[in-house]
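Protein sequences, first through last, are from chains A and B. Quick note: the first sequence, position 93, residue 90 per the numbering used here, numbers continuous. Quick note: the second sequence, position 90, residue 87 per the numbering used here, numbers continuous.
Not one of these hints is a red herring.
A pair counts as met if it fits within one copy or between any two copies, since identical chains are not told apart.
SDA-like mimics (lysine to any residue), calculated; alpha carbons at most 25 Å apart, straight line:
id: 1; residue 1: K268; residue 2: L120
id: 2; residue 1: K44; residue 2: A55
id: 3; residue 1: K361; residue 2: P227
id: 4; residue 1: K44; residue 2: D72
id: 5; residue 1: K361; residue 2: L309
id: 6; residue 1: K361; residue 2: P306
id: 7; residue 1: K95; residue 2: R330
In short, the hints are calculated from the structure, not lab data.
There are 2 protein chains.
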Amino acid sequence: MAKTTLAPTTLAPGARIGIVGGGQLGRMLALAAARLGMSCHIYTDRKDDPAIEIAAAATIAPYDNEMALAGFAADVDVITYEFENIPAWSAEFLAAIKPVRPSPAVLALTQDRLVEKNFIASLGIEVAPFAQVDDAGALARAIAQIGRPSILKTRRFGYDGKGQTLVREGSDLAVAFRSLGGQPSILEGFVPFVCEVSVVAARGLDGDFVAWDVGLNTHEHHILATTEVPASIDPDLRVRARDKAMRIAEALDYVGVLAVEMFVVSTPEGKRLLVNEIAPRVHNSGHWTLDGAATSQFEQHIRAICGFPLGLARAHGPVEMINLIGDDIFRWRDFLDVPGACLHVYGKADARPGRKMGHVTILKSAERDDDDSTR
Amino acid sequence: MAKTTLAPTTLAPGARIGIVGGGQLGRMLALAAARLGMSCHIYTDRKDDPAIEIAAAATIAPYDNEMALAGFAADVDVITYEFENIPAWSAEFLAAIKPVRPSPAVLALTQDRLVEKNFIASLGIEVAPFAQVDDAGALARAIAQIGRPSILKTRRFGYDGKGQTLVREGSDLAVAFRSLGGQPSILEGFVPFVCEVSVVAARGLDGDFVAWDVGLNTHEHHILATTEVPASIDPDLRVRARDKAMRIAEALDYVGVLAVEMFVVSTPEGKRLLVNEIAPRVHNSGHWTLDGAATSQFEQHIRAICGFPLGLARAHGPVEMINLIGDDIFRWRDFLDVPGACLHVYGKADARPGRKMGHVTILKSAERDDDDSTR
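Please take these sequences and the hints and turn them into a complete structure.
Shown next, in the form of structure tokens:
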């Protein structure tokens, strides 16, 4: 991928960071920026977004409003984003005014599952079998090639299980294709994986690459439920997982934090890793770093996009991160009573089902009694 | 000290915390509150204070403005303060409307060095010899009793070496007394201490007491320069130091984080601890907890004043905190390059001499190489 045409910009404390998106990731990015003496300007189309209240400035406008985007870009020194479903056009528009990190090209690539899979495969990194599906006929041909069960996914705008459907034995293909709105899609072979892991890592403006310990993820209803660090998989697999993430970050000339989700599959020749997805941003499976590592993913992302050296990713010890989804948040007080549990509440008013409301990091070495504090 | 007359109030995420004072302590309290899903309202008399920009609301008004205080109190669920030189009257006024934690009585006690010393001594806790000095004649009598060198300090509104003067052999007593503006003062014996330590600790609304590891402090020009944790003193002294802090907190029916500064003195019978000062708030010598402990002093204070259970104070390992005073802040980039250094910049525009601009926490176990991250 071509280098960005804008000259590298290194900022200093006091600079202003523009964040596109105002959810919990934007909120935690803004909190990390504040530690370093940076102020933040949030751009979002939702006036109740939780990042707004702790940011120095906010623009509430549609993501394709040229006037609003121009005013936002003029007010900040560097721009990043906390979710990848903003229009690629908007990112290009912003990048003509101020540096956008990670680059709009990275954003465009990760917005399209087909382009993303082709890119990963082009690096010689294994992915699940996949085929392009533009119509019901193409779906039949893809099924003939990949088999069942398999998963039909829209190429764009899917997350947390949205925009996908399982194609079983006997599933009606026309119905399956129509259920996703007849959009350009891809069919992916269903991978009987042992577990899912993710590598959260950062690449600096100078090309430095730093990865945290690999996390083992569990999901419920297609939403991340827990991350366990370090992942209880072979050390050799952990090394290979980080190596894949590094090759992806370098091929993208990436700047910032990224997450690479992978499946661990068992084969007669041993365990293999298939890359499932790249998230061009801080990631839920890296939330544990706020409490459990020398540098959090949020501070690391701010360091990277500001052109600062990357911080130490070392973990303080083993941790488990538990997402608080929907009603789970009403259990907040229970977690405050657990020794070594660090509670995070995102400040969202309405605990709708499936909504990420907070998370808890359990520092598992909390039982240890080798220090000097009274508790 | 009598229990507060207001019924204990336990809050929940979404509640609003009022913070009197808008400096770096207020800023770091507000950042900690945000993690727990709380919003903050800052009350300050300075419009450029660094806590304002990351708080949901701010009142800029003199600390004795009744209308402004009433509006502030009406908007929040609980009130705390980040510095102790606000008028005790204002704290009493606020406490008639909303819970103020720590209590106005604690504030009043710690605002007067004479009252504070008498209180500490009344607990059977040793302090440096001291005497009340209301005029130059009383100073002569106090010198006769305590000897020279000794330190004359105003009873009220001193900090970072302000409002004090050393009385040496040959010092003119009338000049010394006038140099502090002729205010009610106390004379303290000069203690030839081995080192200064501080205990930062918290007491919950339920009376639970939790202390972090004792810190060893060094000063330059009367301003805290570094804190080393754990303090390199006898384990037995560390236990005794925390015990004194606990007795003080209990006698004050304290709610929140407090710091107790102590001198370690050498006597023929062994090392002794003299309590120097109580700070009824989060404290510079506890800043290391942001990066180096399971729960930071800022989150702990928020937990305490909200009536939540206190968190684990365990340190992740040995640390050193280095204050960035005045021009020191221009070295920010050097620290970003140090493995295990966590930089904090307070977002103050003007790096005046003696002004606290930021701090760095060095995680000393960073050399250790027993984890799995790539760096």
